[in-house]
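S.K.: Residue numbers (my numbering), protein chains in the order written: chain D, 78 to 431; chain Y, 183 to 505.
To be clear, the hints were calculated from the coordinates, so they are not data collected in a lab. There may be inaccurate statements among the hints.
Claimed, not checked - Covered by chain Y, according to a simulated footprint, are these stretches of chain D (three or more residues, beta-carbon under 8 Å):
no.	region
1	133 to 143
2	242 to 255
3	295 to 303
To be verified - Chain D residues, not near chain Y, derived (Cβ > 10 Å throughout):
no.	residue
4	Thr120
5	Arg212
6	Leu339
7	Ser355
To be verified - DEER-style ranges, computed between Cβ atoms:
no.	chain 1	residue 1	chain 2	residue 2	range
8	D	Thr120	Y	Leu322	52 to 60 Å
9	Y	Gly341	D	Val353	40 to 48 Å
10	Y	Gln249	D	Lys429	34 to 42 Å
11	D	Ser388	Y	Ala309	19 to 27 Å
12	D	Asp357	Y	Ala221	40 to 48 Å
Every residue gets a Cβ at the ideal spot worked out from N, C-alpha and C, and that includes glycine.
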Amino acid sequence: MATKGEGRIMKRALGLMVIVASLVAVASVVGAATAAPAKKQDTSLSGAGSSFVFPLISKWIPALGSAYGYNVSYSPIGSGGGIAAITAKTVDFGATDAPLTKDQFAACKGCVEVPWALSATAIMYNLPGINCVLRLGGKQLSDIYLGNLTKWNDPRIAGNNGKCNLPDTKITAVYRSDNSGTTYNFTEYLAAVSPTWKSKLGVGVNAQWPAGLGARGSSGVAGVITKTPGSIGYADVAYALKNKIRFASVLNASGRYATPGLRGIQAAAATLPAKVTSEDGALSIVNPPKGNPLAYPISTFTYVVVPSGSSKAAELKKMVYWAVTQGQKFGPALLFQPLPKQVQAFAYKQIKKI
Amino acid sequence: MSTVTPDPLAPAPIDRQGIRLGDVLFKGIAFVAAVGVTAVLGLLTYEVFSLAWPAIEEFRLSFIWTQGWNPNSNVYGALVFIYGTIVTSVIALLLATPLSIAIALFLTEIAPGRVAAPIATMVELLAAIPSVVLGLWGILVFGPWVANHLEPFLNTWFGFLPIFSGDPSQAGILPAALVLTIMIIPITSAICRELFSRVPRDLSDGSLALGSTRWEAIRRVAIPYAAPGISAAVLLGLGRAFGEAIAVTQVIGSGNTINESLFPPGDTLGSRIASSYIGASTAIEAQSLLYLAAILLVISLVTNVSAQAIVNRFQKARRMSTG
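Isolated chain Y, as found in the complex (with noise of 0.2 Å):
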């Protein structure tokens, strides 16, 4: 709508249509990706809570404490389930984070790259191995092994623990965590090798070139620079744990009681519910499982939301010693 003619020589005006097009396009796709996924988080939310309604007001809060799940004769409680859930999930963290960084320093600081970058794949690869068939090798394989090998061992040199007393079982707590274990390595790996890969060389260089040893360096630098990361990469995996299913419920031996002892079964809240969703007898039944997701739902809103405040807090900390 400009009256000047245009110079002959000037670059041909770039068609304003079509970018306005294309930028309306972006904006709205874009909007309605990022409305959609929290619409539809609402959602969720919204829909477990409703449909679980039933049963939170017929059992309330006690619920949360109370043990025992005996669809015969209508009594639920998901104490049994939260223990579990816990207690698996923070094996498989306390296992796997250590493992973890280990793995991640060796492809980072350690091995050539023509060594890393295989064992790199390889370790992501295992992120690819459907839970399901983990946890089918779990109960053939796996599960007999910890039974006949790790859990006799155990017993026998650390037996005095509560924790590995008793019977040895294929199917318990502590294969259930060590498949969640393998579960979230490649997961937490995967971050930590990023993040040390980008710990700044001159910080390492200088701290080498200041006489400090190879592990010194990586103590004192590369562990800190990289500890916000390493935290929340911690708390994804936990998240990771928490939620796992299908492959629990094939290891877990779907217990009913809370043992002192890691090798008889137990049951978490994922694996409850895909054990005995499908094909619940009675309605009140299908809202308690219902009250389990909730439950769950919680928890691993909770742990993403401080997995978020611990990595806003340590940058706000950085930048404030930086800048």
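Only chain D is shown next, with the shape it has when bound in the complex (with noise of 0.2 Å):
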């Protein structure tokens, strides 16, 4: 075989090549000289982590740079990409939605787990033409979930939605293929009002979908939901009403159905005990007992992950402090309940292991 055209196509290869290789010696160039002065000032703190809180800390930033003079950036990379980070201690904090596994806090090697906001997670749906406000209780949201419960008009979802209406279609169930600290309150909530749930799928960052398809990150989740009537899915509640996509009330332990909104996420925090405790810095207000009947069942708490000890433990205590007491402010436009006083007690607590 003669050899030109393959000459040809190499030497396509080559300059591909060297365009890519110089592009990277750029890149970290560009890279050195930005990270060189943060090692200069040490006022310059750096996160990555979870994508629920961004909105949150993006209005924290410019506050926390006239309040102390930090220079704070955060790049909202996802839960799991946070807790990778912060372990790789490429980053100054992390931030989570989902609390820190054993093996996670193990790999971190002495890090500290804060709970810094609140909001909640959201049941968004694509009926079209159905104009109501959709009503799910645990049974249901498992059972389809699960694959057992495939129709929008079974009676199991029509009985309680009598004035809906609700069509023959098809209930496509849709799931984050990535490991989202959203799905690890949605599975929490599942596991908690249904026995099969937990037991067979269990409690996670992920979990093994029977039924449905996944879609990575919210944006994926909320594409698909946009795209296909008769679709169900979750994402955290600010990110729903951003993108304008109808929600659910949720069946609450009283018996009542609840919205997502910033008295159904108060209501269900002012379930936690008069003092809060917990070795690891996880909280949970998921599913809360009965008594409030205004409690969002799917509830949750994020959370900044900190390495104690470390060279700037100074301002990143400083900077957490800050964050959940005045930081909490900014929180209800963006639909973030402010911290109760005894989680913000608590946080004292751990923020001291800093």
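Work from the hints to combine the two standalone chains into their complex.
M.R.: Put into structure tokens, the structure is as follows:
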């Protein structure tokens, strides 16, 4: 075989490689240039993780700048990415919606987890022409995601939604294919209300979903839902609101249907005892007990993960303290409910460990 | 160090020193590059296997034929993903190969140069679309089209085949295979075009002179001449399809079951690694994902080695028949 043509391909490939290599070189130089001052000034703090909490952090960044002169940067790469980054110590703090697992704590070597924001997971759906707010119970949600409930006009759903006149459409259950703190919150709820879910699928940032289809990121889930009539899925409530996707009210332990608004989240957090303790920093307010008819059952804390005894410990302490106190006032506009008193007190104790 | 006085008419002696330095440098760089790439491949393989080792020890080879992936109860098996990888790639290959050959033949044998050049550029530009963009298009535009039009059509006319049975789904094995087809066509068609343009003119002219039609000339002369190259191109495309993760992860729906039908979601090795490695909740989950990576590595290496073996065999056969 002649090699002229191959030579041409090779030349092109070589050219491409040179371009890629020079891009990498440029990128690393730029990266080094921006990273260099970080070492000189200790007031520069970098973080990465949860995209859930990103809208709130972007409000905090300028405020922290004017309060302490800190130069905070944050990349919303997802909770999993945040845990990986803080474990590798490539950032000064990580943010995650799912509490760290034992293995993750072990890998992170002396990391401290502090709850620093409070919000909820919304159950989004796409039912064209249905204008009433859908009401769903935990039993129905787990049956949908287990693949046992497949039509919208099934009496098990239609029974609670008499006025809605639900159609004879197939239910497409959408879940996150990537590891996600929102999935953790959602599976924690399903496990709390369904023994089958608890024993078969468990609680975690991902699951062995037996039915439905997976999409990458909240944006992927939202993309599938907006394009598929009859679909249902979940994302943080701020995301659902911002993207104008309808979401359901969910049955709580008091037998009422609650919405994931600030009042619903506040009522869920109000069920915490007057003094909270937790060995690893994780707190749960999923499916709170009877007594708070407004409580939204899929509410969650989201956490900041900071190494203990780092060279920037003093600055990190100050930053997290500011976030759990003054920073909370930025929350309500973004559907983050300010932390209740006892959680703040718990956060102070955690901050001391930094 | 010669003692002879230089002839004034002779050309000035070449600066040997400079050439030697260049030679040495060139040799050195070439050697480092060649050895470096080999070392990277070796180190990478070693690294993947050593990181995956705890999972390999824990689950042994039964991992390969175990179905199930539950990070919350530490059940891990690769079968669903191996199945997904092979099925999506083979479908992509079955669709892309004839299309690529047709494109290449059109561009070299049928289309006039003015038409061929821009089309060739467009086809090659298809390869320049970042896979994440293609995946986004897949989930927002292509997937819904597949679910609303293609799958109902296939189901109506070929629904008696189990592979086209069941409810349409906008994310699944079929849309993933079709996106992969789009991704490998530019690669295989570009190579096929090069191959066909290299078929000696006198061979095809001779065939035409002997009274064969253009199709006969293509079938009897051009295709057999290019056959070894085509099979190598196809295997290169297969390698690309096996390894593609990002576009697939966006359109395959991350399913956990093996279905007869091509409509429901499934998952591939690359896609599962891409979606689950970051933020894996336990050490054993991360190690199991690396075990998947090791399997993918082995499959890809075997594909590439067999591609080379096929090319070598064809070339040997040709040398023997012509020489």
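S.K.: Could you check that no beta carbon of chain Y comes within 10 Å of the beta carbon of Ser355 (chain D)?
M.R.: holds (18 Å)
S.K.: Does 40 to 48 Å hold as the CB distance between Asp357 (chain D) and Ala221 (chain Y), or does it fail?
M.R.: holds (42 Å)
S.K.: Are three or more residues of the region 242 to 255 of chain D within 8 Å, CB to CB, of chain Y?
M.R.: With 5 residues closer than 8 Å to chain Y, the region 242 to 255 of chain D meets the three-residue bar; holds.
S.K.: Could you see if the CB distance from Gln249 (chain Y) to Lys429 (chain D) stays within 34 to 42 Å?
M.R.: Because 48 Å falls outside the window, the suggested range is violated.
S.K.: For Ser388 (chain D) and Ala309 (chain Y), compare the CB-CB distance with the range 19 to 27 Å and indicate the outcome.
M.R.: violated (46 Å)
S.K.: Starting from the hint 52 to 60 Å, judge whether the C-beta atoms of Thr120 (chain D) and Leu322 (chain Y) obey it.
M.R.: violated (42 Å)
S.K.: Examine each Cβ of chain Y, and state whether all of them lie more than 10 Å from the Cβ of Leu339 (chain D).
M.R.: Leu339 (chain D) clear of chain Y: closest Cβ-Cβ about 28 Å, beyond 10 Å.
S.K.: Count the residues of the region 133 to 143 of chain D with a beta-carbon closer than 8 Å to any beta-carbon of chain Y: does the count reach three?
M.R.: violated (count 0)
S.K.: Compute the least Cβ-Cβ separation between Thr120 (chain D) and chain Y, then decide whether it is above 10 Å.
M.R.: holds (29 Å)
S.K.: Return holds or violated for the Cβ distance of Gly341 (chain Y) and Val353 (chain D) against the range 40 to 48 Å.
M.R.: Between Gly341 (chain Y) and Val353 (chain D), where Cβ atoms are some 57 Å apart, the hint is violated.
S.K.: Looking at Arg212 (chain D) again, its CB stays over 10 Å from all of chain Y?
M.R.: holds (26 Å)
S.K.: Do three or more residues from the region 295 to 303 of chain D put their C-beta atoms closer than 8 Å to C-beta atoms of chain Y?
M.R.: This one holds; 3 residues, not fewer than the three required, reach chain Y with a Cβ under 8 Å.
Of the hints listed earlier, those the structure fails to meet are numbers 1, 8, 9, 10, 11, in rising order.
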